[in-house]
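Novice: Residues per chain, in single letters:
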Amino acid sequence: MQCRDVRQLADSFLSEQLLVETNHELLRHLETCPNCRADMAGRRAMRDGLRSAFAGAEELRPRPDFATDLLTKLRPSQSAMVLPQPAMPISRRSVLQSWWALAAGVALAAGGGLFVRHSNSRSRLAQLARQASGDHQNCAVKFNLRERPIQLEEAGRRFGAPYAALATFEPPVVDGSLDMLERHSCVYQGRRYGHVVFRYRGALTSLLVTDGTPPATPELEPSDAGPAVASLPAGRFLGFIVADLDRPSVLRLAQILTEPLSQHLA
Amino acid sequence: MNADIDADRRWLTFETEAMPHVDRLFRHAMWLVRNRAEAEDLVQETLVQALQSFHRFTPGTNCRAWLVSILQHVRLNRQRKQGRTAIDAAVDDERVANIVPFVPPIPDHVTDEDMLLALQQIPPHHQEVILLCDVEDMTYKEIAAALEVPIGTVMSRLHRGRELLRTELARRGAGPAATGRGSGAR
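Here the protein sequences line up with chains A and B, keeping their order. With our numbering applied, the first sequence covers 1 to 266. With our numbering applied, the second sequence covers 1 to 186.
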């Protein structure tokens, strides 16, 4: 492969659109050609610069309550699609009966509403826990994220103070050694995390903090075959501990970290 | 009752998968239309359409790319209603083909402001492809589907667009432009 070919393929190479064989050929050329290497580095820098400029531009930022407003607008239209038609009472007796039915219905609905709300928030938390587990596996274990992680300080400036605060969070002394490995902010499946990676009892462990409604207390989340996941409150944010450890150990770690983490991020 | 549960589950999945992308969607829309109210309206219509056709989304695939594709379609349809057609893009392509005789090296130090100002200076159809590829991480195939153009057009616009962006960055004198890069082709 010649320099001219490399320059022609550079765009597709950066966009990861080349066949594996062509990729290898191109990489072999880059190993021996400093000019093409520099050109490729420049192209990559231009792409990264564009991403960073776009993500940081104040004039492109939505107003703070835009997402909340959208949620409010979208949610009722969703429920309206499934609302049942009201029944029509036909006699005085049936009206009286229907009052009893209504009273019973209200009582049931109050209890049922609480149940549905609880089950909804549980189900949402379980989904977020699965995503957190995915981030742990693709970021901490496989280094396989689509977006390059950024510094927590930068994430703090762009996405909220708790991310920056995570940069200085020192976990308390816990039973078993805890060696700090890495801190950054990463994105997995469109969700941003503050990510602290450490080794705990010999296992790669992630403390993930993300924008979301925190649970009241640390809880184990369902995890089929993957690593164990516990959710925990992290100030006004939602936290997760993910590790290839036994579930009681992960829950215990979440319990130990909850108070100092919440205080630090508050 | 089952319909309630299904709708509830669908909404929860939608909220988890799609709503985290609102910020990025808005940024994309805002860049395209340059008007806050219009950008908000565009994002809202995008999400309404996404929610209606959420059964077509495959969990685990790139949800942001899917949403951006819908946003592009919504915008394209609005443009068509306003009478703006693809002829503009053809004119842009022809104009660009005539004005990039030499591609300068990429400057070493580029500020965010320089980058965005330079991007603004290149034709919209090239901006669009660069954003979809470099910022939104969409594949050529996804971009082609979103813009309703052949993959070859995506590739040529991307290539030309990046050349134009380099030219514009060098013209703006962002950092020491002459590094000698790109001049040593074998």
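Certain hints may be false.
As the list claims (entries may be wrong) - With a straight-line Cα cutoff of 20 angstroms, these simulated EDC-like cross-link-like pairs (lysine to aspartate or glutamate) come out:
no., chain 1, residue 1, chain 2, residue 2
1, A, Lys142, A, Asp244
2, A, Lys73, B, Asp112
3, A, Lys142, A, Glu182
4, B, Lys81, B, Glu15
5, A, Lys73, B, Glu168
6, A, Lys73, B, Asp8
7, A, Lys73, B, Glu40
8, B, Lys81, B, Asp23
9, B, Lys141, A, Glu16
10, A, Lys73, B, Glu142
11, A, Lys73, B, Asp41
12, A, Lys73, B, Glu38
13, A, Lys142, A, Glu219
What the hints contain is simulated information worked out from the structure, not anything from laboratory work. All figures in this text were calculated on a predicted structure; none of them were measured in a lab.
Novice: Work down the list of hints and note, for each, if the structure agrees.
Specialist: Here is what the structure says about each hint:
no. : hint                     : in the structure
1   : Lys142(A) with Asp244(A) : holds, 14 angstroms
2   : Lys73(A) with Asp112(B)  : violated, 34 angstroms
3   : Lys142(A) with Glu182(A) : holds, 14 angstroms
4   : Lys81(B) with Glu15(B)   : violated, 31 angstroms
5   : Lys73(A) with Glu168(B)  : violated, 42 angstroms
6   : Lys73(A) with Asp8(B)    : holds, 16 angstroms
7   : Lys73(A) with Glu40(B)   : holds, 12 angstroms
8   : Lys81(B) with Asp23(B)   : violated, 27 angstroms
9   : Lys141(B) with Glu16(A)  : holds, 12 angstroms
10  : Lys73(A) with Glu142(B)  : violated, 29 angstroms
11  : Lys73(A) with Asp41(B)   : holds, 12 angstroms
12  : Lys73(A) with Glu38(B)   : holds, 17 angstroms
13  : Lys142(A) with Glu219(A) : violated, 26 angstroms
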